[in-house]
Amino acid sequence: MEFLLQLVLNGLVIGSIYALVALGFVIIYKSSSILNFAQGEFLMLGAYVCLAIFTAARVPFLAAFALTLVFSAVLGVVLERVLLRPMIGEPVISVIMLTLGLASVLKAIVQGFWGTDTRPYPEIFPSTPVQIGPLPVSQGYLYSVASVLLLLALLSAFFKFSRPGIAMRATAVSQQVALSMGISVKKIFALAWSIAAVVSAVGGVLLGGIRGGVDGNLAFFGLKVVPVVILGGLDSVAGAIVGGIVMGILENLAGGYLDPLLGGGVKEVAPFVALVAILTVKPYGLFGKVKIERV
Amino acid sequence: MRCGDFRQTYDEDMAIFETAFARRLLVLFLAALAALPFFADGFWLDVMNRIFIAVIAATGLNILTGFTGQISLGNAAFLAVGAYTTSFLAGRAGLPFPVVIPLAGLTTAMVGMVFGVPSLRLKGLYLAVATLAAHFVIEFTITHWASVTGGVNGISIPAAKLGPLVLDDDRKLYGLVLALTAGLLFCAKNLFRTKVGKAFVAIRDQDISAEVMGVHVFKYKLLSFGVSSFYVGVAGALVGYQARIISPENFPITLAIDQLGMIIIGGMGSILGSIFGAVFITLLPEILRLAVGPLSATFPQLTTLFASLKMGVFGLAIVLFLIFEPDGMAARWHTIKNYWKLYPFSY
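Chains A and B supply the protein sequences, listed in that same order.
1 is the number of the first residue of the first sequence in our numbering; add one for each residue after it.
1001 is the number of the first residue of the second sequence in our numbering; add one for each residue after it.
Simulated from the structure, these hints should not be mistaken for laboratory data.
Glycine included, each C-beta is placed from N, C-alpha and C at the ideal position.
Some hints here could point you the wrong way.
What the hints assert, rightly or not - What follows is a set of in silico ranges between Cβ atoms, one per label pair, in the way DEER data are often shown: (1) Pro91/A with Asp1013/B: 22 to 30 Å; (2) Ser1209/B with Phe61/A: 55 to 63 Å; (3) Lys1195/B with Met181/A: 43 to 51 Å; (4) Ser33/A with Ser1209/B: 18 to 26 Å; (5) Ser1209/B with Leu62/A: 53 to 61 Å; (6) Pro60/A with Thr1303/B: 32 to 40 Å.
Claimed, not checked - Lysine to aspartate or glutamate pairs mimicking EDC-like chemistry, simulated, CA-CA at most 16 Å apart: (7) Lys1123/B with Asp117/A; (8) Lys291/A with Asp235/A; (9) Lys1189/B with Glu1018/B; (10) Lys282/A with Asp235/A; (11) Lys1337/B with Glu1018/B; (12) Lys1123/B with Asp215/A.
My request is simple: use the sequences and hints to build the entire structure.
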């Protein structure tokens, strides 16, 4: 029983970070219909930049974190302007390929600057565990879940109440109508990319803190979030959150119970198997909008 | 002198070669390629073999993604299926290569069709991710089915042989690889002049319209997965015969991305494009290595950074191509050719 609880808890924590990164995917997809395969690299870059600022500039961690967020926001805007803007109207495969190319460039930059070895991350969370019921829970987990929840709440409020947030939702519904209402769709795209980069960077820093170190494998996290977004439906914010948590718990349960039987590695493949199973029943994910095609 | 592109009969319109001159040039080119092993050294023959294998794999992917419009990220895994089938048939069963290679292709075609079933309901990005799932499932199977695949340690493959003929190095393998590449390219080029090929293109352009016109969409989508995977499986068999020892590490997801890069850079929906792209992407690291060689004396850190450099240049090439030449090298080739065809009276 305790084993089960532990697995569910781990799944919840990882799942909440999945949800956060998945949100980045969804925001970009909703506004500009692009699936950004470089999301994992955004995450890795965020984690490394934060570490670099923290160690090089000797500023408090929170300041380094804030600077990282600013960096990510700028990065998102610049990438959108330079790379993605010319791709408007190009076929899906070209845009996918562009983000894949971008992913390898970003990975090369990170490796060029920081090498391929694992780098220790500063202890950003207190290390003494807290007792919740029968389980000792590390404080890093609690902080992560709390900050993810906070961020999700902030983003929901942003989409619900702020002008740019409402403009983003309008653009997601119909770009033409949004344009005719005086919304600058270009600005919305830029905003979407910078939000996506920022949430990924937060995810990266949290993951770095939880794992205690960062390396190139962090980028693989982006690939693992892909089934999450697809599961929830590419254009559904609620789907991203539910999908993230479901996938997090699922992969931990599968890893915990099936790994001894099948000899390891189940954790990596389970989300994909579940994904295919769900897609055969619901081709647009759990909460995705069913596209009605007309000839 | 030719002053335009005039086709007066249906036969002329269907012809692969517009002029007899083009056909003779191609024959000459093939003859030059066939003569290469008598001049080139081992290194370049290895590179040439890898280029040809990449051409076959890229053509396979182009049939599926470029001509039928079904995005696939599972190509590396299908390549692995071909290679591991070869290891089983050539190693365990001891079969000669004329049997092994087609069987490897057929096995991969079967596997490809199984993973093509979701395409019945999934489209675009959702299908791309389903094929990504195929990659991870196949990779998992290979690493865990150690009794057949050797697991993470890999498995060795005997040299390709037929009776007394043993193709145990790149020079001897070259002829086989070249012949297979030429034959498969010929088939692919002709495929799109048949009913099946036209159905593929119709599905790519608008699948609902295709269905309305009487194309059995699911059947042809599956067939496309099958044909494409057959090509990839043959390429995988050759990878196995060339490398002689394979492990799951030979077929990472980045390989699938490389191959998508080939058809994007070369040109989607163009056989010529698959060739250009495969040549470009395979040569890129080799040329980079040659360029870095002399520099590494002054900058010793370049050798350690080489892997990152390669990755960065690859990514950059793709990004630049997509922004400045989204239709690929094949389109640029046609522009240049048409310019010279009518030179100097291009107006």
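Hints versus structure:
1. Pro91/A with Asp1013/B: 22 to 30 Å: 27 Å Cβ-Cβ, so the 22 to 30 Å window holds.
2. Ser1209/B with Phe61/A: 55 to 63 Å: holds, 57 Å
3. Lys1195/B with Met181/A: 43 to 51 Å: Since the Cβ atoms of Lys1195/B and Met181/A sit about 49 Å apart, the hinted range of 43 to 51 Å holds.
4. Ser33/A with Ser1209/B: 18 to 26 Å: Once the Cβ atoms are compared, 21 Å apart, the range 18 to 26 Å for Ser1209/B and Ser33/A holds.
5. Ser1209/B with Leu62/A: 53 to 61 Å: The hinted range 53 to 61 Å holds for Ser1209/B and Leu62/A, with Cβ atoms some 57 Å apart.
6. Pro60/A with Thr1303/B: 32 to 40 Å: holds, 38 Å
7. Lys1123/B with Asp117/A: violated, 39 Å
8. Lys291/A with Asp235/A: holds, 11 Å
9. Lys1189/B with Glu1018/B: Answer holds: Lys1189/B to Glu1018/B is near 14 Å, not above 16 Å.
10. Lys282/A with Asp235/A: Within the cut-off at roughly 14 Å; holds.
11. Lys1337/B with Glu1018/B: holds, 13 Å
12. Lys1123/B with Asp215/A: Cα-Cα ~34 Å, so violated.
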